[in-house]
Every structure is written in C-alpha cells, then in structure tokens.
Amino acid sequence: NAGVTQTPKFQVLKTGQSMTLQCAQDMNHNSMYWYRQDPGMGLRLIYYSASEGTTDKGEVPNGYNVSRLNKREFSLRLESAAPSQTSVYFCASTPTRVLNQPQHFGDGTRLSIL
Amino acid sequence: KNEVEQSPQNLTAQEGEFITINCSYSVGISALHWLQQHPGGGIVSLFMLSSGKKKHGRLIATINIQEKHSSLHITASHPRDSAVYICAVNTGKLIFGQGTTLQVKP
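As they're listed, the protein sequences go chains S and F. In terms of our numbering, the first sequence opens at residue 1 and continues consecutively. In terms of our numbering, the second sequence opens at residue 1 and continues consecutively.
Just so you know, these hints were derived from the structure itself, not from any lab. C-beta: ideal position from N, C-alpha, C; glycine also. Worth double-checking, as some hints may not be accurate.
Residues from chain F that keep clear of chain S, each with C-beta distances beyond 12 angstroms, as calculated [what the hints assert, rightly or not]:
| no. | residue |
| --- | --- |
| 1 | Glu15 |
| 2 | Thr20 |
| 3 | Ile60 |
| 4 | Asn64 |
| 5 | His78 |
| 6 | Leu94 |
| 7 | Gly99 |
To give a feel for the contact side, a few chain S residues facing chain F, derived at Cβ under 7 angstroms [as the list claims (entries may be wrong)]:
| no. | residue |
| --- | --- |
| 8 | Leu78 |
| 9 | Phe105 |
| 10 | Gly108 |
Could you put together the complete structure from these sequences and hints?
Have a look at this one:
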C-alpha cells in the first residue's frame with residue numbers, strides 16, 4: 001500500500017534550470033496539495049487541487065506551476081529555479097477538500113538550487 | 001507574532017519520561033492536527049481533534065478551544081519517539097506551527 005509517492009527524493013539544480021516534481025497517490029483521493037518546508041518555518045502551501053481538473057494558489061505560489069494530470073497525479077514545476085526555492089517539498093492528499101480530516105503525506109523531495 | 005506557536009522548540013528527555021508539547025494559536029479554528037515527522041523526513045498524521053481529548057497508545061492529545069491551546073503528551077517515552085512534532089490548525093486553510101524537535105535518550 002504505497003499511499004503518496006514523490007519522485008525524485010533528492011535533486012540538485014543550477015539557477016535557471018527547470019524541473020518537475022512528481023506526486024502520485026493510490027488512495028482514490030480527490031484533493032492534493034504541494035507544500036514547502038524551510039528551516040524555522042512551518043509547512044507552507046504552494047498550490048492545491050481540490051479535485052481533478054482544478055488547481056488553486058496557496059500561500060506561496062510565485063515561481064511555481066502545477067498540473068493535475070489525472071485523479072492520481074499532481075505535479076509541481078519550477079520553470080526557472082532560484083536559490084530561494086531550495087527547500088524540502090511535500091505532496092499530500094485528502095479524500096475531499098474538507099480540511100477536518102487527516103492529510104496523507106509523501107516522503108518529501110529535497111531540492112537544492114545552486 | 002505567528003498565528004500558531006509551539007513550545008518548546010527543542011526537547012531532550014530520558015527514556016521513560018512523560019513528555020508534553022504545547023501548541024497555542026491566536027485564530028478561530030474548526031480543528032487542530034498533530035503530525036509527526038521522523039528523521040527520515042516522512043510526515044504522519046497522529047491526531048485530529050476539535051474538542052476534548054484523544055488517545056492512541058502512549059500518545060494523548062488534548063485541546064481547550066476557549067483557551068486556544070492544545071497539548072500532546074507522550075507517556076513512557078522511548079527513543080523511537082524521537083521526531084519533530086508539528087501542530088496545524090484549520091482556519092479554512094491549514095496553518096502549521098514550526099515544530100518541536102524531541103530527542104529521547106536511552
């Protein structure tokens with residue numbers, strides 16, 4: 001039972017490079033989220049997808065784009081990476097957009113931008 | 001001032017000790033979550049509560065809505081409890097605390 005799977009687990013980029021972080025869940029959840037986690041700060045929401053076919057900005061969307069490819073997959077793209085985007089990125093999912101239910105997290109992607 | 005404050009930021013305990021981690025918030029909420037992040041980085045949901053108290057094994061979570069405060073207690077702590085514990089409040093969106101890093105020494 002995989003739950004939420006993120007790839008890659010680690011990545012090093014140069015400033016200006018682009019890359020896509022992948023996230024897939026096998027729990028038939030409708031809602032999916034992308035967070036970033038920085039030292040000394042709580043998790044911050046980048047984008048979310050309440051259901052297949054919809055995406056919305058979270059607290060810190062600048063510099064990112066997302067795609068809800070299908071019900072299972074929600075990808076996060078950095079078009080032109082900047083050192084300020086060095087962070088640990090987490091994908092999460094919930095059965096519905098209602099937040100009074102546990103979130104299921106992936107193991108994270110550690111991204112360094114030089 | 002952060003809307004969600006956790007204390008302490010860091011905590012070291014000896015195996016077997018009773019541990020309390022606190023979470024205070026300044027906004028109206030409909031529920032509060034406690035999460036655990038292991039050294040490997042994965043995050044697991046421990047509790048979600050909107051009133052009273054919940055217990056799972058050696059973990060107990062309480063919330064006082066009037067005082068805007070929640071506590072996570074660990075009884076008979078064990079080195080495998082070493083992790084970062086995060087509280088998050090639901091205000092219509094989730095606001096996360098900075099986390100409390102717990103180390104339990106054998």
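Status of the hints after comparison with the structure:
1. Glu15: Since the minimum Cβ distance to chain S is about 27 angstroms, F/Glu15 lies beyond 12 angstroms and the statement holds.
2. Thr20: The assertion about F/Thr20 holds, with a minimum of 20 angstroms to chain S.
3. Ile60: Holds: least Cβ distance 17 angstroms, greater than 12 angstroms.
4. Asn64: 18 angstroms, holds
5. His78: Its Cβ never comes within 12 angstroms of chain S, the nearest being 23 angstroms, so this holds.
6. Leu94: 6 angstroms, violated
7. Gly99: 7 angstroms, violated
8. Leu78: 20 angstroms, violated
9. Phe105: Holds, about 4 angstroms.
10. Gly108: Holds - the Cβ of S/Gly108 comes within 7 angstroms of chain F, reaching about 5 angstroms at its closest.
Checked against the numbered hints above, the structure breaks hints 6, 7 and 8 and satisfies the rest.
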